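**Student:** Residue numbers (this note's numbering), protein chains in the order written: chain A, 1 to 301; chain B, 1 to 301.
Take these hints with a grain of salt, some might be off.
Put simply, identical chains are the same to the list, so a pair is met inside one copy or across any two.
Simulated pairs of lysine to aspartate or glutamate, DMTMM-like, Cα-Cα distance not exceeding 20 Å [unchecked claim]:
1) K242 / D105
2) K91 / D105
3) K102 / E127
4) K94 / D105
5) K45 / D295
6) K102 / E139
7) K94 / E25
8) K243 / D105
9) K47 / E167
10) K245 / D105
11) K49 / E215
12) K274 / D260
13) K152 / E167
14) K239 / E164
15) K120 / D105
16) K297 / E25
17) K157 / E139
18) K47 / E215
I should point out that these hints are in silico values taken from the structure, not numbers from a laboratory.
Keep in mind the model is a prediction, meaning the values are calculated, not measured.
Number of protein chains: 2
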Amino acid sequence: MKLTILGCYSATPRTFTNPTSQVLEIRNHLFLIDCGEGTQVQLRKYKVKFSRIKHIFISHLHGDHFFGLPGLISTFRLLGRESELHIYGPKGIKEAITLFLKLGDSWTNYPLIFHELNAKDSELVFEDEQVSVHTIPLEHRVYTNGFLFKEKPYPRKLNIDAVEEHEIDRSQFNNIKNGASGVTENGVSISNADLTLDPPKPKSYAFCSDTIYNETIVPIIANADMLYHESTFLETESKLCKKTKHSTAKQAALIAQKADVGGLILGHYSTRYKSIDLFKEEALEVFPNVELADDGKSFTI
Amino acid sequence: MKLTILGCYSATPRTFTNPTSQVLEIRNHLFLIDCGEGTQVQLRKYKVKFSRIKHIFISHLHGDHFFGLPGLISTFRLLGRESELHIYGPKGIKEAITLFLKLGDSWTNYPLIFHELNAKDSELVFEDEQVSVHTIPLEHRVYTNGFLFKEKPYPRKLNIDAVEEHEIDRSQFNNIKNGASGVTENGVSISNADLTLDPPKPKSYAFCSDTIYNETIVPIIANADMLYHESTFLETESKLCKKTKHSTAKQAALIAQKADVGGLILGHYSTRYKSIDLFKEEALEVFPNVELADDGKSFTI
């Protein structure tokens, strides 16, 4: 899994920072997560292959998380897209995008499919043979979901030495990878455990932005390999969190600690601070494995 | 009058070019004309004082001319704006912007006033003591207006030598600037012409984008000091103009010639050409005073 941060600053775009957007490469998918203004330019800047994006997940309908979506949808049309585009986001997103396209008499020439969300509990919103995506209900000023991206278990790995030793026929390999026993030329059954090795552990990534400190998400994101949790403020401004429904770096770290995740990526920084290193320092006091998101930065999970 | 081009390329924003937006400084006003995605970042990049913008003119509701508007309106709120913001644009713009703000529960805390346009003939849409703005009905795929910005006549300039020679009292100066005669201490009337000099000629700027070649605009923009006319294509692609309702550089120059304008600025270039110099070359064959718009470039009119 590879995560690329296209933008990770809160509020208004500036010449040198961008609002929230991320690209997650997971198995054969390229998922776009949130789409602040300028996302399509960031996609170009970091040479992401536009056409591979088939699923866009929008956390909430604040401008810094979705004002880039009408433009990206239009650009796909201008680039001659033909394949389906699926948009997952809060109820209302379909009406908003549809109105913008209607006003410009600019309907897409590819299928644009909206999956509007309004559930209060975590729900499965996407699934195929390799990946699942669940919502993570967050508490913000408007209806908001994070998203939990999980790889499904890989097939078991063939133990080449063992299958050669037992002279197992190649025609059985796929079944063995999926858990079957093998049979030798002489009809002797060999257990799957003797013919295979453990596959890589499937990974998971939890995206949580924007949200106030909210422990109810802990069971949903428990043991995720990587957690992105917003940290708009430092503890010195913690009283702003209640009104704005944002979190501090320390609170993000507390959630990471309680959920026992593999690592924590901080982001959605208020632009009032002179260095984002301050967020890392604060979080490290609570949780050991902290990374800082920054525009253009990539993480291998 | 000073015109700053924030973006002047057609279709999709790229890392090095921006969709249409311009800032016009005219008398005491700073007008924003069109607002493609990323305009607020361009405003920052070229250090335009945001807060001075009180009037935004939107030609039409294609994305490359207005998808930056929701973000700019939101940013004004975040920056604590209190003064009125007037938006002039096609019918439907109010519903679109209002829906976006409603979905984010992000109403402005300053007065946001929409002036929706649907007239087919040129009309006065803004006027004060110093400036007037008329629409220029254009012919494009959707309802579109250009805008004609005109300075009102300046007051006459006091001829300092003459008023001193005639010992005209200072209390009469304002009246004289506005056309009155002067009266000496001895009660002798001195004609206004003898006490004043001609003021600078009021200037005008016509913005015409997007449009197919359309001679009906010629009487409206006749004798404008500067004309911005879209030139999406070169003559080699002229057959695309009919379907897309755009113009070639040559057609823009023909309009400039027929309207006898002071100068022509080309823009809204298709990104298919390797150099925008080709547009200038083509237009110069028809009209002598041609300039090329480019992102960040300023023109004094």
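**Student:** A separate judgement is required for each hint: does it hold in the structure or not?
**Tutor:** Against the structure, the hints come out as follows:
In this assembly of identical chains, the alpha carbons of K242 and D105 lie at most 20 Å apart only when taken from different copies (17 Å versus 42 Å within one copy). Taking the shortest alpha-carbon separations for K91 and D105, only the inter-copy value of 13 Å comes in at or below 20 Å, while the best intra-copy value is 23 Å. Taking the shortest alpha-carbon separations for K102 and E127, neither the intra-copy value of 31 Å nor the inter-copy value of 31 Å comes in at or below 20 Å. Taking the shortest alpha-carbon separations for K94 and D105, both the intra-copy value of 16 Å and the inter-copy value of 17 Å come in at or below 20 Å.
In the homo-oligomer, the alpha carbons of K45 and D295 lie at most 20 Å apart both inside one protomer (11 Å) and across protomers (18 Å), since each shortest distance falls under that limit. Taking CA atoms no more than 20 Å apart as the test, K102 paired with E139 passes between copies only; the shortest distance there is 18 Å, against 32 Å inside one copy. Taking the closest pair of Cα atoms, K94 and E25 never come within 20 Å of each other, the shortest separation being 25 Å inside a single copy and 38 Å across copies. Taking identical chains as interchangeable, the C-alpha atoms of K243 and D105 lie at most 20 Å apart only when they sit on different chains, with a minimum of 14 Å there against 40 Å within one chain.
Neither within a single protomer nor between protomers do K47 and E167 lie at most 20 Å apart by alpha-carbon distance, with minima of 46 Å and 74 Å respectively. For a Cα distance limit of 20 Å, the shortest separation of K245 from D105 across copies, 13 Å, qualifies, whereas the shortest one inside one copy, 37 Å, does not. Taking the shortest Cα distances, K49 and E215 never come within 20 Å of each other, neither inside one copy (36 Å) nor across copies (43 Å). In this homomeric assembly, K274 and D260 never come within 20 Å of each other (Cα to Cα): the closest approach is 30 Å inside a single copy and 54 Å across copies.
When the C-alpha separation of K152 and E167 is checked against a cutoff of 20 Å, the pair qualifies neither within a copy, at 30 Å, nor between copies, at 95 Å. In the homo-oligomer, the alpha carbons of K239 and E164 never lie at most 20 Å apart, since the shortest distance is 65 Å inside one protomer and 67 Å across protomers. Taking CA atoms no more than 20 Å apart as the test, K120 paired with D105 passes between copies only; the shortest distance there is 19 Å, against 35 Å inside one copy. With identical chains, the CA atoms of K297 and E25 are at most 20 Å apart within one copy only, with a shortest distance of 14 Å there and 39 Å across copies.
Taking CA atoms no more than 20 Å apart as the test, K157 paired with E139 passes in neither setting, with 41 Å inside one copy and 64 Å between copies. Proximity of K47 and E215 under a CA criterion of 20 Å is satisfied in neither setting, with 37 Å inside one chain copy and 43 Å between copies.
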